[in-house]
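Peer 1: Chains as they are written, first to last, in our numbering: chain X, 1 to 153; chain V, 154 to 221.
Heads up, a few of these hints could be off.
Unchecked claim - Pairs of lysine-lysine, BS3-like flavour, derived with a Cα cap of 30 Å:
1. X/6 <-> X/69
2. X/8 <-> X/90
3. X/8 <-> X/69
4. V/208 <-> V/157
5. X/90 <-> V/157
6. X/8 <-> V/157
Simulated from the structure, these hints should not be mistaken for laboratory data.
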Amino acid sequence: MKTIEKYKNQQRMYAQLFLIAGIVCTGAGVAIETTNISLGIDPRLITGLGILLLGLSLSAWLRFYSAEKRPQTTQRMVVAESDERMTAIKNKAGQRGFWTSMAIIYGLLMWESISSNDSLPILSADARWYWLAAAVVLPMAVYIGSIVQGNRE
Amino acid sequence: MENKLEEFRVRMGLTQQDLADRVEVSRQTIISLEHGRYNPSILLAHRLAREFGVKIEDLFLFNEEEKK
Chain X
1 MKTIEKYKNQ QRMYAQLFLI AGIVCTGAGV AIETTNISLG IDPRLITGLG ILLLGLSLSA
61 WLRFYSAEKR PQTTQRMVVA ESDERMTAIK NKAGQRGFWT SMAIIYGLLM WESISSNDSL
121 PILSADARWY WLAAAVVLPM AVYIGSIVQG NRE
Chain V
154 MENKLEEFRV RMGLTQQDLA DRVEVSRQTI ISLEHGRYNP SILLAHRLAR EFGVKIEDLF
214 LFNEEEKK
């Protein structure tokens, strides 16, 4: 049960780190908001980041307590995460996602380059935004799809 | 790659989950190994062979033609 002890210690450490960082960030955000010090950014962004960190801390605590209550299930979950077959599937999926992303970004770069001398129509800001959104969404879809396919094989 | 994993596992009275727990992999990996759909790393092959008390070559049957 070495793996599970390591996992529990790791989760406890993350929970404590995120808790401290979350308290500091939220406190700083609230303090800046109440004292009206101008930082050039909205102080609610700092408070928001603090709340996000507190949420991450809570999730790490929950994982820690779940590991305490159900050690065997957690052990299997930890083993499944580092399982060599799963790692190989994820690597393959990552590679496919990477090449998909490269192809889309390269396509945009080429379009922008060629359209600068009027050989292609210039893309509107909206079209460029959709193209970039596709560069985020499609590789992710390819990655998830490859993992599903790899698990079925 | 062909292997005798299922044969050795059944002989020892282990379930796929028992074996997975012993060698610290997922049950899906044991299933894939038994069906010959996945070739293990040398480390996992060694752990499995040690678990059954046999040599790697007794457990995994390497066929020279397979790679060609």
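Peer 1: Decide, hint by hint, whether the structure agrees.
Peer 2: The hints, checked one at a time:
Pair hint residue 6 of chain X plus residue 69 of chain X holds up; C-alpha atoms about 16 Å apart against a cutoff of 30 Å. For the hint linking residue 8 of chain X to residue 90 of chain X, the alpha-carbon distance of about 24 Å falls within 30 Å, and the restraint holds. Only pairs whose Cα atoms come within 30 Å are accepted, and residue 8 of chain X paired with residue 69 of chain X is accepted, the gap being roughly 11 Å. Under the criterion of a C-alpha separation no larger than 30 Å, the hint pairing residue 208 of chain V with residue 157 of chain V is consistent with the structure, at around 12 Å.
Taking the CA atoms of residue 90 of chain X and residue 157 of chain V, the gap is about 27 Å. The hint holds against a cut of 30 Å. For the given pair, residue 8 of chain X sits about 36 Å from residue 157 of chain V by alpha-carbon distance, which is inconsistent with the 30 Å threshold.
Hint compliance for this structure: hint 6 is the single one not met.
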